[in-house]
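Participant: Based on the sequences and whatever the hints tell you, model everything.
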Amino acid sequence: MNYSFAFTVSKIKIGNSWILFNWLNTQNISIEDSSHPLYQMLEAGDKKVKPFEVNGFYNDFEYLRDNHFFVENQEVIRNIVRSQYLEIIDGKNISVTMMPVNQACNCRCLYCYEDHSKSGLMGDADLAVFQRFIERQDISSLRIDYFGGEPLLNIDFIKKCNEGMIALGKKRGFSLTPSSMTTNGYYLTRDNFLSLYDLRITSFQVTVDGDRENHDRYRPLTNGQGTYDVIYKNLLDIANTERNFSLTLRTNFTPKNGSKEKRIEFLEKIKSDFKGDKRFVLMPEPIGKWKDGEEYKDEMHSSFSVANALREQFQMDAEDMGLETLSMVLLCGPESHFCYASKPNDMVIYPLDEYGRLPIQKCTLEVNRKNNNVGFIDSDGQLIKNENWQKWVVDNLFVNKKCRNCFFVLNCFGNSCAYKNQSRGQTVCPREKRQEYALISRILKYISNHQ
Amino acid sequence: MSKPKVKPIVIGKSLKDVASQAVGKDGKVDRTRVTKGDCVK
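Sequence order for the protein chains is P and A. Note that my numbering numbers the first sequence so that position 78 is 78, with each residue one more than the last. Note that my numbering numbers the second sequence so that position 12 is 12, with each residue one more than the last.
Since the hints were made in silico from the structure, they are not lab data. Take the hints with a grain of salt, since some may be wrong.
Unchecked claim - Cut-off 27 Å, straight-line C-alpha distance, at most; resulting in silico cross-link-like pairs (DSS-like, lysine-lysine):
| no. | chain 1 | residue 1 | chain 2 | residue 2 |
| --- | --- | --- | --- | --- |
| 1 | P | Lys50 | P | Lys11 |
| 2 | P | Lys11 | P | Lys402 |
| 3 | P | Lys170 | A | Lys16 |
| 4 | A | Lys7 | P | Lys13 |
| 5 | P | Lys433 | A | Lys7 |
| 6 | P | Lys391 | P | Lys445 |
| 7 | P | Lys118 | P | Lys402 |
| 8 | P | Lys50 | A | Lys7 |
| 9 | P | Lys271 | A | Lys5 |
| 10 | P | Lys370 | A | Lys13 |
| 11 | A | Lys16 | P | Lys289 |
| 12 | P | Lys420 | P | Lys385 |
| 13 | P | Lys11 | A | Lys7 |
| 14 | P | Lys271 | P | Lys47 |
| 15 | P | Lys278 | A | Lys13 |
| 16 | P | Lys433 | A | Lys13 |
| 17 | A | Lys7 | P | Lys271 |
| 18 | A | Lys16 | P | Lys11 |
| 19 | P | Lys50 | A | Lys13 |
| 20 | P | Lys385 | P | Lys401 |
As the list claims (entries may be wrong) - Quick list of simulated restraints, FRET-style, between CB atoms:
| no. | chain 1 | residue 1 | chain 2 | residue 2 | range |
| --- | --- | --- | --- | --- | --- |
| 21 | P | Ile384 | A | Val10 | 51 to 59 Å |
| 22 | P | Ala167 | A | Val10 | 29 to 37 Å |
| 23 | P | Ser195 | A | Val10 | 43 to 51 Å |
| 24 | A | Asp38 | P | Asn400 | 22 to 30 Å |
| 25 | P | Asn405 | A | Asp38 | 29 to 37 Å |
| 26 | A | Asp38 | P | Gln84 | 19 to 27 Å |
| 27 | A | Asp38 | P | Tyr58 | 42 to 50 Å |
| 28 | A | Val10 | P | Asn386 | 52 to 60 Å |
Unchecked claim - Here chain A is said to cover these stretches of chain P; the calculated rule only asks that three of the stretch's residues, wherever they fall, bring their Cβ under 8 Å from a Cβ of chain A:
| no. | stretch |
| --- | --- |
| 29 | 21–33 |
| 30 | 55–69 |
| 31 | 174–187 |
For every residue, glycine included, the Cβ atom is placed at its ideal position computed from N, Cα and C.
Facilitator: Dropping the structure here:
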């Protein structure tokens, strides 16, 4: 019987060792003995693999076959990928991003792309329509993520919504998956955090843009006052609780606050203040052209390649210090780079419009684009999709030939960005795919640092 | 003369094994730990 290396296996030689990394399950092996039959196959660049024995034992071959490093037919891998894809997009599991204040916000971040004049508070009437919508579904799980604007400007609604859905789930037999929230953290006091946590809101994203001076310049309140001290204190207070939350600590950086000196200073402060608390996961992001305008154009990165390299360096610096980074967490399993806007069971919900309907969008970045308006939930709770829905929801798995043997396909399922796929008329790959070997080196280093 | 022993492959810990924050109690990657909404293009 002949086998081949699964297409999800990356082969990389570091020094005198060969490493195999399987993106299907994140398992990896190394081999340094040049007389090992696998080593010799790798040196020779063999595509086919024949069963082999080492020291009279079959173990190495069996391990590699049983863990899908070797396959008789690549369709086996494609079937695993497709089955995971189908599980993720199954209509039994609905995921919604709730906009409880539309785009209203108490901050005026220099680079924000949103229109904060679009405001509106969700209340009992919104919840009643949403509840009718859920009652119409035959689901086993519901996930709600809160976004804005600043969602905590409407914390009462958020609490009622999760409370209501927990109760409805008990009645109707579905579970409310733990919720997440993207917040600027200004109102994420210890008390608010605890009350949200008790209602299953357990993951948060909060942004701290470097030191006080930089953060306050980038992320002021509407009256121009800084927010650093309040937000940082809130984070420290949360860290002092014993709850099992996860908080993504995002840092938007420019060449200025992302310089080596500044980022090391920032990371050392985080490490010292949060004492390596693994509930805090770092997410450095270069500021790009997120909005038009003069006021910050000198601050943003002028080159994508420079910005991406700097992001990677920032992440590696954090990992070298033993801190968690979101990129590593994401790479742990399927759908790390799968665009939620492309999923049929995923939608963004806005406050009731003048007709008593909840407007629906797909993408949280293209908030002001007309074709992002994909329908609404009517007052009876019925989801009415318009012609735009199908522009976003496209099954693109293995449609493009280049995806059929791509090591990264389990991470994006051919849909890393539904907006880019639409606007460019082709499958656009996530940037990580272009960094196969660099990424594996980073992963191996991360594993070694976390042994 | 006996043949020198061949060293077997070394199995490393998987990324999932070490990134405990990402893995739920059931052993599956816990996607709820990743906030949605702020996708970065």
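Participant: Now look at each hint and say whether the structure bears it out.
Facilitator: Against the structure, the hints come out as follows:
1. P/Lys50 - P/Lys11: It holds: about 17 Å lies between the C-alpha atoms, which stays within 27 Å.
2. P/Lys11 - P/Lys402: The hint holds at about 19 Å.
3. P/Lys170 - A/Lys16: Measuring from Cα to Cα gives roughly 32 Å; hence the hint is violated.
4. A/Lys7 - P/Lys13: holds (17 Å)
5. P/Lys433 - A/Lys7: Status violated; Cα separation ~32 Å.
6. P/Lys391 - P/Lys445: violated (40 Å)
7. P/Lys118 - P/Lys402: Roughly 41 Å between the alpha carbons, so the hint for P/Lys118 and P/Lys402 is violated.
8. P/Lys50 - A/Lys7: Cα-Cα ~19 Å, so holds.
9. P/Lys271 - A/Lys5: Violated. P/Lys271 to A/Lys5 sits at ~46 Å, over the 27 Å cutoff.
10. P/Lys370 - A/Lys13: Roughly 47 Å between the alpha carbons, so the hint for P/Lys370 and A/Lys13 is violated.
11. A/Lys16 - P/Lys289: Roughly 34 Å separates the two Cα atoms, so the pair is violated.
12. P/Lys420 - P/Lys385: At roughly 21 Å apart (the allowed maximum being 27 Å), P/Lys385 and P/Lys420 satisfy the hint.
13. P/Lys11 - A/Lys7: holds (19 Å)
14. P/Lys271 - P/Lys47: violated (45 Å)
15. P/Lys278 - A/Lys13: holds (19 Å)
16. P/Lys433 - A/Lys13: holds (22 Å)
17. A/Lys7 - P/Lys271: violated (40 Å)
18. A/Lys16 - P/Lys11: With a Cα-Cα distance of about 19 Å, the restraint between A/Lys16 and P/Lys11 holds, given a limit of 27 Å.
19. P/Lys50 - A/Lys13: Cα-Cα ~26 Å, so holds.
20. P/Lys385 - P/Lys401: violated (30 Å)
21. P/Ile384 - A/Val10: 51 to 59 Å: At roughly 57 Å between Cβ atoms, A/Val10 and P/Ile384 fall inside 51 to 59 Å, so the hint holds.
22. P/Ala167 - A/Val10: 29 to 37 Å: Taking Cβ atoms as reference, P/Ala167 and A/Val10 lie about 52 Å apart, which means the hint is violated.
23. P/Ser195 - A/Val10: 43 to 51 Å: 49 Å Cβ-Cβ, so the 43 to 51 Å window holds.
24. A/Asp38 - P/Asn400: 22 to 30 Å: holds (27 Å)
25. P/Asn405 - A/Asp38: 29 to 37 Å: The hint (29 to 37 Å, Cβ to Cβ) holds, given that P/Asn405 and A/Asp38 are roughly 32 Å apart.
26. A/Asp38 - P/Gln84: 19 to 27 Å: holds (24 Å)
27. A/Asp38 - P/Tyr58: 42 to 50 Å: holds (49 Å)
28. A/Val10 - P/Asn386: 52 to 60 Å: Distance hint for A/Val10, P/Asn386 holds at roughly 55 Å.
29. 21–33: holds (count 9)
30. 55–69: Check passed, 6 qualifying residues.
31. 174–187: Three-residue rule met by the stretch 174–187 of chain P, so holds; n is 6.
When the structure is compared with the earlier hints, violations turn up for hints 3, 5, 6, 7, 9, 10, 11, 14, 17, 20 and 22 and for no others.
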